[in-house]
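Fit chains B and C to the known structure of chain A by using the hints.
Going down the list, the sequences are from chains A, B and C.
For our numbering, add 2 to where a residue sits in the first sequence, where the first one is 1.
For our numbering, add 130 to where a residue sits in the second sequence, where the first one is 1.
For our numbering, add 3 to where a residue sits in the third sequence, where the first one is 1.
Don't take every hint at face value.
[Claimed, not checked] Restraint-style ranges between C-beta atoms, simulated for each label pair: (1) 110/A x 175/C: 52 to 60 Å; (2) 171/A x 27/C: 38 to 46 Å; (3) 151/C x 110/A: 35 to 43 Å; (4) 7/C x 171/A: 28 to 36 Å; (5) 76/C x 167/A: 39 to 47 Å; (6) 184/A x 247/C: 29 to 37 Å; (7) 248/C x 163/A: 18 to 26 Å.
Because the hints were derived from the structure by calculation, they are not lab data.
We treat Cβ as the ideally placed atom computed from N, Cα and C, and that holds for glycine.
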Amino acid sequence: MAALNGPTPAVRAGTLLEAWVLPAFGIVTFLMLWAGCTAAGLAPARLLPGPGAAAAEFIDLTHTPYSGAVLQVHLLASLMKFSLGYGLAVLTGVPLGLMMGRYRIVEWAIAPLYESIRFIPPIAWVPFSILWLGTGFLAPTLVIFSGAFSPCVLNAYRGVHTADRAVLEAAQTLGAGRWATMTEVLLPAALPDIVAGLRVAAGFAWQSLIGAELIVGSTGLGYLIIQGESNLSSTVVVAGMITIGLTGAAIDFAMLRAERFVRRNWGQ
Amino acid sequence: MITRRIRTICAALTVVAPLAITPLGARAADSGAFPLAIAQQPQRWALEWYIATKEGWWKDVGIDPTMTTFTAGPPEIAAGASGSWEVGGAGDLPSMLGAAKYGLTTIAIADSEAAIITLMATKDKADAYLHNPSLIKGKTIPETSNSTGEWGAAACLEKKFGLKPSEYHFVNLSPPEINAAVSSGRYDLAQVWSPNVYILESAIGAKVICNAAQVGVPITSNIFATQAFATAHPEIVAKFLAVYLRAIAWEREHPQEAVADLGEFFNSVGVKIPPAYLAQELHARPAYTLDEQLKIFGANTAGTPEIVDWWNQLGTFMQSVSIVSETPPASQFATDKYLQMIAADPKLRAFANDDTP
Amino acid sequence: MIGAAPILLLIIAWFAATGPLGLIAPLKFPSPAIALASLETIAGPGYASAPLAEHIETSLSLVLAGFAAATLTGIPLGLLLGTSRYANACINPIFQLLRPIAPIAWIPLTILWFGLGGGAKIFVVWLAAFAPAVINTQTAVRGVNRTVIEAAKVHGARRVNLFFDVTIPAALPGIFTGMRLSLQACWMVLVAAELVGAYTGLGHVMIIATEDLDSGMIFVAMLCVAMLGVAMSLLLARLEAWVLPWRR
Chain A
3 MAALNGPTPA VRAGTLLEAW VLPAFGIVTF LMLWAGCTAA GLAPARLLPG PGAAAAEFID
63 LTHTPYSGAV LQVHLLASLM KFSLGYGLAV LTGVPLGLMM GRYRIVEWAI APLYESIRFI
123 PPIAWVPFSI LWLGTGFLAP TLVIFSGAFS PCVLNAYRGV HTADRAVLEA AQTLGAGRWA
183 TMTEVLLPAA LPDIVAGLRV AAGFAWQSLI GAELIVGSTG LGYLIIQGES NLSSTVVVAG
243 MITIGLTGAA IDFAMLRAER FVRRNWGQ
Chain B
131 MITRRIRTIC AALTVVAPLA ITPLGARAAD SGAFPLAIAQ QPQRWALEWY IATKEGWWKD
191 VGIDPTMTTF TAGPPEIAAG ASGSWEVGGA GDLPSMLGAA KYGLTTIAIA DSEAAIITLM
251 ATKDKADAYL HNPSLIKGKT IPETSNSTGE WGAAACLEKK FGLKPSEYHF VNLSPPEINA
311 AVSSGRYDLA QVWSPNVYIL ESAIGAKVIC NAAQVGVPIT SNIFATQAFA TAHPEIVAKF
371 LAVYLRAIAW EREHPQEAVA DLGEFFNSVG VKIPPAYLAQ ELHARPAYTL DEQLKIFGAN
431 TAGTPEIVDW WNQLGTFMQS VSIVSETPPA SQFATDKYLQ MIAADPKLRA FANDDTP
Chain C
4 MIGAAPILLL IIAWFAATGP LGLIAPLKFP SPAIALASLE TIAGPGYASA PLAEHIETSL
64 SLVLAGFAAA TLTGIPLGLL LGTSRYANAC INPIFQLLRP IAPIAWIPLT ILWFGLGGGA
124 KIFVVWLAAF APAVINTQTA VRGVNRTVIE AAKVHGARRV NLFFDVTIPA ALPGIFTGMR
184 LSLQACWMVL VAAELVGAYT GLGHVMIIAT EDLDSGMIFV AMLCVAMLGV AMSLLLARLE
244 AWVLPWRR
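The following block holds chain A by itself, in its conformation from the complex (with noise of 0.2 Å):
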């Protein structure tokens, strides 16, 4: 209602305070907490260190190698493995979503299978995809795909369902053969769940990728935050933590705003 009359000062003061004030209290309050834990020596620092000591190694690992790389290169090391199991993922996930939404008989054959499946931690396929797909960037592709897939299937079914019969029935009438029915109607339609659901697999594939470098891997995060608790610096696990974080907030940030783009342009 505000929006007809522009924004009043006093909204604009509520947005203020929403948008930056508070978040930021939130994270020094936080940040504050754990300072305080560790230097009142409820945590020794070998084990938990400060939020200072964390950031100094956050710094120095930018550029001196730790287990053979910066930070960056762990970084981007995970993020395209991430891309490869997340895409293939997604590109299987959606149709067959869509397929088990729109043909009854699709949805009998691979409903019983996927909804088993699915609670199957991505980490014991681990050993298979070692033994199928070898080393390397292929790797841990199995266990960031089993993590991601179903997450896109569920939605991308769901969305196909709450698409209009009325307009699936109206398209079919006017000619519109399977694939054009497929493309031009039901995907539109199934669009906002399926980037909704395209979000939650980002955050469930960012998770299994490190589980799966925790296991094997010479590089990556997780690798990081292994070789870290191995050598008992903590700083460089926090270190590796907070990198993880921050990338996943990332991910699931830029998928937010694809989320709300797409709801702005093809939402009903």
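Showing chains B and C alone in chain A's frame:
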């Protein structure tokens, strides 16, 4: 409709784009040398390859090596089954696992490890446990299941401290997490192998209270080749092994440089131990030259070769903890064929002994 | 939903691919015969230091405890973040930063804080299952129809009544979605949780079988997890139908 289609394509492209920029593990340009994929771990026995690369010995035998570093044996052995590497090294247990699962062939001993497979106790408890082993009764001991570490720790507890398996609790943790568990102060006794022995000793003053050498458990790491590759390219396997043996001979002649190289190698794979321990690590894990290897493998000796005896003991342990249901006979998974090939070729023999000028 | 025929077809295909057709080497994926042998081993004499029933019992109680902890903490936080914009602005950034860190990456700190006992494992499960409960509850509360709330206010509902009688019932379907995802996350994190020094459990079986390269045993453990997951989610669906009869 057209714009909608374009939008759809754009949406699809944003999804595919990350895929396109992912390089699919392109191999180094062909320089005429034989490309060889080697599996290693951040362990002392991979130092030989580091030295060989540093000294430029690979091109002398026409091999272009690519190293893959694994954090542990089991994933390395699994990767071997998918053809990710052709030759490599690992501990006793993974070597035998590979032999039992897909005929991995051990071609030489990498190093002896009994002295660095240990039970460690925290500073304040070590002496008490040594004087009165019955204090260990009922303790929870973090260890790495299905490893040579478990073998050594169980032997220590039985032979040195007189404890039965029912009198303590082993709990499975990976080596990095054992470090975390012990340094958290919650566990005062754990099974540890190097380099973690040095990390715990220097960080929290933990002490070794027993090692596998004290109780006579013959633990080694081994160099192996996959069966398919060994059958197809026996001469490459022999040359690869010759490079390894040359580095061992070189280490004997250049002990100072070897220590420095070990520090560089550890640093490159992310292992950080205080420099003072580097010499100790090399001393505790001796490697064997060509002649010594031949002797271990039983050339020109009567009776059972030493290695057969070692492997049989390992096989008994692996069956006792049901890692494998039956172990193949020693003759099937360890061979001195490639050692003999080097010994029979004067040029290669001189190379392996680092006698070449 | 669960038809027997496709599963039967899949089993036949599996038989054919690993057996007569020889498409898949037994080391890369177990044949039905190998899987059956593994099942017999673990059901009878046991594997990874205990028989199957004991592994299932351990994992089931771990998942239940973690799931309970996650929903009992996650739903209230989600309600708070959904109803109070200021609480949301304050807490959400921290939550968004900590959430992407995989539970497995917390293991070093978990060992430090909780040792290797049951608490440590429940904490790891909680780490995974907490976020879906929070996010879906928050979204559900935000999505409650404004008109309904305004109508209740017009009719003189107090804040407390508004919250318990209008907001929560309207948000319940979304909360249940969160619980379903939480439950899935609990099972998905099982291996990570049982990396923290377990004696028994299905995740522990997977870890040991991975070290043994025993693909048959890994497969059996995966199958058990899948079936338990399906069974628990069916129970949850029953609960949802009972709590929300108007949604049937």
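Legend entry - Ascending list of hint numbers which this structure does not respect: 1
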